[in-house]
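Here are the chains, one letter per residue:
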Amino acid sequence: MAQLRQDYAEFEKRNTRIVVVGPEDENSFATYWQNNSLPFIGLPDPKASVLKLYGQEVNLFKLGRMPAQVIVDRDGRVRFVHYGHSMADIPENSEVLELLDQITQPVGGA
Amino acid sequence: MPKVSLNTPAPDFTLQDFQGKTVHLSDFKGQANVLLVFNRGFM
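Here the protein sequences come in this chain order: V and W. When the letters of the first sequence are read in order and numbered with the numbering used here, they come out as residues 1 to 110. When the letters of the second sequence are read in order and numbered with the numbering used here, they come out as residues 1 to 43.
For reference, chain V alone in the conformation it holds in the complex (with noise of 0.2 Å):
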């Protein structure tokens, strides 16, 4: 998450939104917005049905659920997918943003 945040800027840059969907309620995520400043859309999803329609992995041995990353397009279609298999396991935002500059378009062009 605070990868995520220090390149909030180039996220924006290229028109991209920030969601966040987690298993915690409305005031975990209040509070860990509040301290940590965070500028994402903020969706607690509690009953895990989000989760389960992306496919989050779920290890119940281990380490409970693992990260993922879907990359969806201005027209609504799946353009990245990462399923993580640890904690660390996030894709670098360079990855991220590069993808973004493929898939969007530059804006007015002059």
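Just so you know, not all the hints are guaranteed correct.
[Said to hold, decoys possible] Using C-beta positions, here's what the derived DEER-type ranges look like: (1) V:Asn36 - W:Gly20: 26 to 34 Å; (2) V:Ser94 - W:Leu6: 18 to 26 Å; (3) W:Leu6 - V:Asp25: 15 to 23 Å; (4) V:Pro39 - W:Thr22: 15 to 23 Å; (5) V:Ala30 - W:Asp27: 14 to 22 Å; (6) W:Asn7 - V:Ala30: 17 to 25 Å; (7) V:Ser37 - W:Ser5: 31 to 39 Å; (8) V:Ser37 - W:Gly20: 16 to 24 Å.
Calculated from the structure, these hints are not laboratory results. Cβ atoms here follow ideal geometry from the backbone N, Cα and C, with glycine treated the same way.
Given chain V's structure and the hints, the job is docking chain W onto it.
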């Protein structure tokens, strides 16, 4: 195993954000790209 495939329409969903505002994934269609982050829990 992944349940969503590349270059297919992303499954729409509706949730309330932590301030109670309703958010549909489809709200962003035609507006912006979305990076969906499925978090496993806050530290």
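Status of the hints after comparison with the structure:
no.	hint	in the structure
1	V:Asn36 - W:Gly20: 26 to 34 Å	20 Å, violated
2	V:Ser94 - W:Leu6: 18 to 26 Å	20 Å, holds
3	W:Leu6 - V:Asp25: 15 to 23 Å	32 Å, violated
4	V:Pro39 - W:Thr22: 15 to 23 Å	19 Å, holds
5	V:Ala30 - W:Asp27: 14 to 22 Å	21 Å, holds
6	W:Asn7 - V:Ala30: 17 to 25 Å	36 Å, violated
7	V:Ser37 - W:Ser5: 31 to 39 Å	35 Å, holds
8	V:Ser37 - W:Gly20: 16 to 24 Å	20 Å, holds
Violated hints, listed in ascending order, are 1, 3 and 6; each of the other numbered hints is respected by the structure.
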